[in-house]
Amino acid sequence: MQKLLNDLFTFLSNGILLYFFAINILYALFIVLSVIGIIRHTTLLKYVTLKDMFAQPLVKPVSVIAPAHNEEATVVDNVRSLLGLEYPVFEIIIVNDGSSDQTLERLIQAFHFRKTKRVFRKVIPTKPVRGIYLSPHEPRLVLVDKENGRKADALNAGLNVSRYPLFCAIDCDSIIDRDALLKMARPFHEDPDRTVGVGGVVRLSNDCLIKNGQIENVNMPRSWLARIQIVEYLRAFLGSRLGLSKIGSLLIISGAFGMFRKDVVMQVGGYDHKAIGEDMELVVRLTRVLRERKARFRIKFVPDTLCWTEAPESWKILKSQRNRWQRGLIQVLQAHKKILFNPRAGVTGLFALPFYFVFEMLSPLIELTGYVILLYFVVVNGVNTPFAIKLFILAIVAGMFLSLSAILLEEYADRKFPLFRDVLILFTAGLIENLGYRQYIAAVRVKSFIDVIRGQTGWGTMQRKGFSSEKKT
Amino acid sequence: MTDFIYDWAPRILLGFGVFVLGLWLFIVLRRIRLIYHEKIFTARFKLIEQDIISVLYTTNEKDIARIAVKYRRWPGVLTAVLVNLIRIVGGEEKIILKTIFALTLRDDLIADLESGDYRRRLIATRLLGMFADPANVPALLKRLRDKPSIQFAAVNSIAGFPDERVLDFVFRAFEADPNPNIHHFTDIVSKHGMASESYIRDMIRKPLPPMKIAILIEMAGLLPARSLYPEIIVFAAHPDTEVRIRVARALGRLMIPDSLEILSSLADDPEWAVEAQAVRSLGRLNNPAALDVLARGLHSLSWYVRSNAKDALLDMGMDGVRKLKEISETTQDPFAADMAEMGLEEAEGLRSA
Numbered sequence: 000m001q002k003l004l005n006d007l008f009t010f011l012s013n014g015i016l017l018y019f020f021a022i023n024i025l026y027a028l029f030i031v032l033s034v035i036g037i038i039r040h041t042t043l044l045k046y047v048t049l050k051d052m053f054a055q056p057l058v059k060p061v062s063v064i065a066p067a068h069n070e071e072a073t074v075v076d077n078v079r080s081l082l083g084l085e086y087p088v089f090e091i092i093i094v095n096d097g098s099s100d101q102t103l104e105r106l107i108q109a110f111h112f113r114k115t116k117r118v119f120r121k122v123i124p125t126k127p128v129r130g131i132y133l134s135p136h137e138p139r140l141v142l143v144d145k146e147n148g149r150k151a152d153a154l155n156a157g158l159n160v161s162r163y164p165l166f167c168a169i170d171c172d173s174i175i176d177r178d179a180l181l182k183m184a185r186p187f188h189e190d191p192d193r194t195v196g197v198g199g200v201v202r203l204s205n206d207c208l209i210k211n212g213q214i215e216n217v218n219m220p221r222s223w224l225a226r227i228q229i230v231e232y233l234r235a236f237l238g239s240r241l242g243l244s245k246i247g248s249l250l251i252i253s254g255a256f257g258m259f260r261k262d263v264v265m266q267v268g269g270y271d272h273k274a275i276g277e278d279m280e281l282v283v284r285l286t287r288v289l290r291e292r293k294a295r296f297r298i299k300f301v302p303d304t305l306c307w308t309e310a311p312e313s314w315k316i317l318k319s320q321r322n323r324w325q326r327g328l329i330q331v332l333q334a335h336k337k338i339l340f341n342p343r344a345g346v347t348g349l350f351a352l353p354f355y356f357v358f359e360m361l362s363p364l365i366e367l368t369g370y371v372i373l374l375y376f377v378v379v380n381g382v383n384t385p386f387a388i389k390l391f392i393l394a395i396v397a398g399m400f401l402s403l404s405a406i407l408l409e410e411y412a413d414r415k416f417p418l419f420r421d422v423l424i425l426f427t428a429g430l431i432e433n434l435g436y437r438q439y440i441a442a443v444r445v446k447s448f449i450d451v452i453r454g455q456t457g458w459g460t461m462q463r464k465g466f467s468s469e470k471k472t
Numbered sequence: 000m001t002d003f004i005y006d007w008a009p010r011i012l013l014g015f016g017v018f019v020l021g022l023w024l025f026i027v028l029r030r031i032r033l034i035y036h037e038k039i040f041t042a043r044f045k046l047i048e049q050d051i052i053s054v055l056y057t058t059n060e061k062d063i064a065r066i067a068v069k070y071r072r073w074p075g076v077l078t079a080v081l082v083n084l085i086r087i088v089g090g091e092e093k094i095i096l097k098t099i100f101a102l103t104l105r106d107d108l109i110a111d112l113e114s115g116d117y118r119r120r121l122i123a124t125r126l127l128g129m130f131a132d133p134a135n136v137p138a139l140l141k142r143l144r145d146k147p148s149i150q151f152a153a154v155n156s157i158a159g160f161p162d163e164r165v166l167d168f169v170f171r172a173f174e175a176d177p178n179p180n181i182h183h184f185t186d187i188v189s190k191h192g193m194a195s196e197s198y199i200r201d202m203i204r205k206p207l208p209p210m211k212i213a214i215l216i217e218m219a220g221l222l223p224a225r226s227l228y229p230e231i232i233v234f235a236a237h238p239d240t241e242v243r244i245r246v247a248r249a250l251g252r253l254m255i256p257d258s259l260e261i262l263s264s265l266a267d268d269p270e271w272a273v274e275a276q277a278v279r280s281l282g283r284l285n286n287p288a289a290l291d292v293l294a295r296g297l298h299s300l301s302w303y304v305r306s307n308a309k310d311a312l313l314d315m316g317m318d319g320v321r322k323l324k325e326i327s328e329t330t331q332d333p334f335a336a337d338m339a340e341m342g343l344e345e346a347e348g349l350r351s352a
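Residue numbers (numbering that gives the first Met the number 0), protein chains in the order written: chain A, 0 to 472; chain B, 0 to 352.
Read the hints as simulated data drawn from the structure, not as lab findings.
All C-beta atoms in this analysis are idealised placements derived from N, C-alpha and C, irrespective of residue type, glycine included.
Hints should not be assumed to be uniformly reliable.
Stated by the list, open to error - Pulled a few chain B residues facing chain A out of the computed Cβ check, cut under 7 Å:
| # | residue |
| --- | --- |
| 1 | G14 |
| 2 | G16 |
| 3 | V88 |
| 4 | R125 |
| 5 | S148 |
Please put together the full structure from these sequences, using the hints given.
Here you go:
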């Protein structure tokens with residue numbers, strides 16, 4: 000019996016080793032592609048000012064849609080910050096998604112909103128809209144008050160009310176750089192017929208100095224949990240998504256900040272209100288439908304920092320967030336399993352979706368299986384100690400290689416951390432991430448599988464410190 | 000497998016370790032290099048800037064040539080200085096900057112337009128747009144078939160030449176292009192303003208495919224070229240929907256009172272998109288004779304037509320508001336009543352704002 004188990008676990012451990020090499024090689028490849036992407040992007044912006052966009056006679060106006068749910072503490076400051084965005088023509092649609100606190104009242108009071116009888120086309124079905132408000136003092140603002148239906152439903156309501164051909168979906172509690180719309184809209188003006196969606200880099204605002212709703216100074220957070228997440232975000236956005244976009248395989252445009260062509264999104268039925276990861280689901284569905292129609296399209300990734308969000312600094316909230324992300328991923332892959340490994344879906348079916356399936360969705364399960372096998376061999380005294388130690392160090396070094404490469408990419412793209420000390424801190428964060436944090440996140444993500452089987456669809460809690468007009472924390 | 004890994008693990012480990020250390024060192028060295036280069040760049044930038052400013056107000060060609068020869072060896076810094084200055088100076092000074100550019104950078108950049116390197120083509124397209132003369136336009140027009148970002152740069156460059164000769168090249172390219180991009184050509188033409196009028200007239204009289212006619216009508220409306228009214232109305236009954244939409248839109252921009260009848264007939268077009276555009280344009284004419292047509296638009300089955308009819312009535316001032324009030328109070332059509340009420344609210348909002 001033990002021999003059988005030994006053979007089985009040896010076979011599995013060989014498989015895990017292969018998986019380990021494959022995942023690291025793929026990520027290394029993405030990093031190479033990202034370097035090319037960043038160098039090209041730097042050229043793209045050479046000798047040009049973004050404000051040239053204002054001189055275009057046929058500039059496409061943008062509707063910024065910001066869903067808000069129970070955000071009474073920060074919503075007014077956030078909307079004021081959005082009004083400072085630089086773009087020739089835009090409107091801001093705040094969707095109060097059935098808040099049970101004073102979100103609606105605070106907005107009405109601050110911007111003197113008045114209820115109107117505005118008529119709109121309900122192209123996408125949503126929970127009932129209780130009222131549409133306009134501000135006589137700020138004509139660019141529209142407030143939609145509706146029954147609670149989660150973020151996707153709120154975005155759909157905003158889409159129904161919006162007037163412009165491009166829309167930008169944002170998180171109401173994120174900080175958007177003043178020129179972010181100009182940077183995001185650029186691909187739509189360069190290639191208006193093919194560009195259907197554009198994503199950008201989202202970074203963490205923890206402990207940054209915020210003034211007038213804008214990041215004034217980028218500081219290194221004091222919490223190691225946030226520091227580790229900075230490395231994670233750099234890896235995800237600069238190391239992975241940019242690389243994936245270079246081979247036409249970008250399937251996630253962050254819900255915190257993404258711009259789309261409204262007509263195309265309307266044609267595919269808007270956001271899926273049942274999806275937990277509505278941002279990824281929309282991009283996958285768009286890709287799927289457009290490929291089915293044999294349409295020529297592109298989904299671009301702009302390697303500029305455009306949006307700042309707050310990372311959880313407590314393990315409890317982090318656990319809830321990662322659990323939700325993993326459940327969202329499982330749900331999307333489940334919903335689109337028909338195109339998984341399907342040659343008719345092109346690169347999406349043959350590479351992008353399988354990549355997310357094998358190397359994103361299954362990775363925590365495989366990692367945890369590795370730990371179980373190790374434990375088994377320790378118990379039966381069958382572990383090859385020198386080999387295990389070497390392999391462990393190898394895993395850490397590989398992880399550090401990816402983290403360090405992401406920091407290097409940041410150097411090329413933005414260099415938001417000018418101090419050597421900060422780079423050293425990020426380097427250390429990339430090292431200690433492997434000693435407990437990674438394993439914890441893997442366990443949390445494995446638990447998501449159980450939650451999916453149990454049918455859990457909730458969002459969990461996400462508390463943010465928020466930002467007021469001026470703050471240094 | 001295990002044996003393989005066991006044999007190779009130390010080597011892989013060592014390789015990775017060296018690589019990681021190398022990356023770290025690379026980041027540190029790169030930063031040191033950047034700081035050093037920034038210092039040198041700033042020093043050279045100041046030096047070149049001072050020298051160029053000193054010749055900006057002189058007509059001494061020898062001085063200009065001397066500067067060109069002196070700083071040709073630092074093309075990167077020289078370009079940065081020239082780009083910086085051309086954005087803030089005008090008139091004669093601009094010509095001096097262009098002369099320095101012609102003596103130092105132009106020839107290389109013209110060669111770069113045909114380079115296999117995307118980055119070189121992009122930079123060349125941009126810089127030639129800023130500094131070169133209209134003779135370079137045919138080369139830039141070829142870039143309208145390049146990658147999207149280069150196309151975008153080419154449009155901006157071509158549109159930036161304040162010279163009528165450019166239009167000759169542009170319209171020839173338009174005629175030859177089997178699939179012209181509406182954004183590119185309207186951007187270029189609208190930046191040249193009324194100088195484009197005669198070119199549009201000559202072109203619109205030619206037997207062109209409907210797609211090109213639609214673009215030309217759009218251009219005429221954008222300028223707005225009122226003298227092209229007779230040429231435009233010929234297409235009001237064109238079988239192609241896109242052409243009729245552009246006619247309706249252009250007539251709204253030209254705002255010629257005589258177009259009331261044509262727009263009224265377009266407002267009865269079987270295609271809702273033409274109807275919606277015609278209704279919107281009727282509002283811009285501000286002629287009370289259009290009130291009934293617009294009131295009819297409020298009862299349309301299409302939301303867009305109803306919405307545009309409401310906006311058009313609001314454009315017509317008090318007459319339109321009275322019509323909206325009348326409809327909101329008397330009509331049995333709930334959709335028309337809703338739209339009319341929304342219009343009345345907007346009118347009130349406009350007044351209070």
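Structure-based check of each hint:
The criterion of a C-beta within 7 Å of any C-beta in chain A is not met by G14 (chain B), whose closest approach is roughly 9 Å, and the hint is violated. For G16 (chain B), the interface hint holds, the least distance from its beta-carbon to any beta-carbon of chain A being 6 Å, beneath 7 Å. Given the 7 Å rule on beta carbons, the hint for V88 (chain B) is violated: about 16 Å separates it from the nearest Cβ of chain A. Taking 7 Å as the C-beta contact cut-off toward chain A, the hint placing R125 (chain B) at the interface holds, the least distance being around 5 Å.
Because the closest C-beta pair between S148 (chain B) and chain A is about 5 Å apart, less than 7 Å, the hint holds.
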